[in-house]
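J.: Hey, can you work out the whole structure from these sequences and the hints?
Residues in the sequence shown are numbered consecutively from 379, following my numbering.
All clues stand as given, with none of them false.
Taking lysine-lysine pairs in the DSBU-like style, the calculated list, with each CA pair at most 35 angstroms apart, reads:
1) Lys-435 / Lys-417
2) Lys-409 / Lys-435
3) Lys-425 / Lys-435
4) Lys-400 / Lys-383
5) Lys-409 / Lys-383
6) Lys-420 / Lys-400
7) Lys-420 / Lys-435
8) Lys-425 / Lys-400
Cβ pair distances, simulated, as ranges:
9) Cys-431 / Asp-456: 18 to 26 angstroms
10) Asp-408 / Gly-387: 26 to 34 angstroms
11) Asn-445 / Gly-396: 14 to 22 angstroms
12) Ser-381 / Tyr-411: 20 to 28 angstroms
13) Ser-455 / Asp-408: 29 to 37 angstroms
14) Val-452 / Asp-391: 19 to 27 angstroms
15) Met-379 / Asp-408: 17 to 25 angstroms
16) Lys-425 / Thr-453: 15 to 23 angstroms
17) Thr-410 / Val-386: 29 to 37 angstroms
18) Val-452 / Met-379: 18 to 26 angstroms
19) Lys-409 / Leu-385: 28 to 36 angstroms
20) Arg-449 / Pro-413: 15 to 23 angstroms
21) Met-379 / Asn-445: 17 to 25 angstroms
If you're looking for bench data, these hints aren't it; they were derived computationally from the structure.
On a predicted model such as this, the values are computed, not experimentally measured, just so you know.
Yeah, the Cβ is synthetic: ideal placement off N, Cα and C, and Gly gets one too.
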Amino acid sequence: MESVKSLVGRYPDHVVGGLHLKKPSKINPDKTYVPRLAKELKSRGAKYYTCHCTGRKMYAVLEETLNDDVRYIVTGSDVHI
Numbered sequence: 379m380e381s382v383k384s385l386v387g388r389y390p391d392h393v394v395g396g397l398h399l400k401k402p403s404k405i406n407p408d409k410t411y412v413p414r415l416a417k418e419l420k421s422r423g424a425k426y427y428t429c430h431c432t433g434r435k436m437y438a439v440l441e442e443t444l445n446d447d448v449r450y451i452v453t454g455s456d457v458h459i
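T.: Right under this line is the structure:
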């Protein structure tokens with residue numbers, strides 16, 4: 379997101395991709411990592427479309443903060459931007 383901001387002067391409106399949070403203990407042992415990430419993502423003002431490597435459990439944690447600004451997509455999902 380920082381790369382986009384440096385190129386166009388603002389954060390993207392939509393972000394599509396996996397967040398690789400399925401096993402967050404491997405990237406950060408702190409249990410507050412995903413809730414803090416969700417707050418940071420919320421501050422960017424984008425809509426997020428995340429995939430299987432985010433994991434359903436971690437998606438649920440993100441959804442608590444991001445609400446309608448996050449959507450779990452799978453192969454064949456329709457995304458209207």
